[in-house]
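Peer 1: Sequence:
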Amino acid sequence: MKIKDCLPFLKHPDSDAVAEFITRDGFLVDKNSGRKYPIIHKMIDFQASVKTESDDVKKGLMFKLNTIFSKYLDFMILTSFFAGGGVGFMNVRKKTKQWIDQVAKDKTLFLEPDDKRLFSYIGPDKCMTVEDLASRNVMPLAEDYPNLNASHEQLPIRSSSFQNIISFFVVEHVRNPRRHFSEIQRILKPGGYIILSGPGDVYPSHRVPYNYFNIIRYGYHEMFKENNLELVEEYFPAKSWMSILYLCYTTMVRNSCYNKNQFTKLLQLIIFGISLVVSPFFNLAAILLDMIMPFDKRIYSLYMALLRKPSNSDPQKEENPPR
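Read in order, the letters of the sequence shown are residues 1 to 323 in this note's numbering.
Hints are computed from structural coordinates only; laboratory data are not their basis.
It is possible that some hints are incorrect.
Derived Cβ-Cβ restraints for the label pairs, each shown as a range [said to hold, decoys possible]:
| id | residue 1 | residue 2 | range |
| --- | --- | --- | --- |
| 1 | 297 | 272 | 42 to 48 angstroms |
| 2 | 298 | 126 | 17 to 23 angstroms |
| 3 | 17 | 208 | 33 to 39 angstroms |
| 4 | 231 | 267 | 41 to 47 angstroms |
| 5 | 190 | 251 | 41 to 47 angstroms |
| 6 | 294 | 228 | 52 to 58 angstroms |
| 7 | 222 | 288 | 48 to 54 angstroms |
| 8 | 126 | 292 | 29 to 35 angstroms |
| 9 | 16 | 208 | 32 to 38 angstroms |
| 10 | 231 | 20 | 24 to 30 angstroms |
Note that the structure is predicted; figures quoted are calculated from it, not measured.
Glycine residues also receive a C-beta, built at the ideal position from the N, C-alpha and C atoms.
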């Protein structure tokens, strides 16, 4: 998709009034009201929070480093067999691909697209993304698809615009998860699907201080029900022992105490190097233990769900079926 392809289903974040958008001189402009939003590297900045190259050099460099680490290095490591518990994230990617192949036949909205490898399953010609950079401290990178910088609780998208939505570890970073579910239900077409990935009950804090919630499956079920979303399938990518291993790995390798000074940062690099060697063995042990021990769905770090918004042609379910 190109930016021009997205204009018909964009709106102002704080208003449902009809807007007629055009692109002009590096801005998205509403012809009716004159309101405009900057376009930076194909990202439409609806929050005016994106930093540009003209900022202070030192600050700009830090933004670039944070962008590279957050978007690529850190995530690539965590989703590999060389990170303790990384098997869980490998399963997330595998299941997401399976569900994309199953349901994603039309244009797709991807919320927080950290795993760039998933785009090969969707295709940039039918994908648009939304990121909340205000909570990430990163710069937008030049991409091959249109991207929005916007709040996930107030999406600048018209109702019933997308056939498919991928919500990729978003729910824990919004102050009001119920509002987020209400928004993605609003912009989803009837009969459309949501591929949801989120934290389980023992997922460690990350992107602090913008990590507000961990949610157990019953909490997810309540929000699905409140927004009339049908649960087609749920999946637990990391069972109990794999989740415990991920907590141990995070405590040992990704502890924030390493950010104190250069010595502690060097120590972190040494521990990280050792972990690349030993983590595969711990992963194999966790896989074996999860195969032996029954999974009671009480300790899990990751949660996934495939949801469907009922269409008008769906048969009505009876509230009190006859006996």
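Peer 1: Each of the hints needs a verdict: does it hold here or not?
Peer 2: Evaluated hints:
no., hint, result
1, 297 to 272: 42 to 48 angstroms, "32 angstroms, violated"
2, 298 to 126: 17 to 23 angstroms, "39 angstroms, violated"
3, 17 to 208: 33 to 39 angstroms, "37 angstroms, holds"
4, 231 to 267: 41 to 47 angstroms, "45 angstroms, holds"
5, 190 to 251: 41 to 47 angstroms, "45 angstroms, holds"
6, 294 to 228: 52 to 58 angstroms, "33 angstroms, violated"
7, 222 to 288: 48 to 54 angstroms, "35 angstroms, violated"
8, 126 to 292: 29 to 35 angstroms, "43 angstroms, violated"
9, 16 to 208: 32 to 38 angstroms, "34 angstroms, holds"
10, 231 to 20: 24 to 30 angstroms, "38 angstroms, violated"
When held up to the earlier numbered hints, the structure conflicts with 1, 2, 6, 7, 8 and 10 and fits the remainder.
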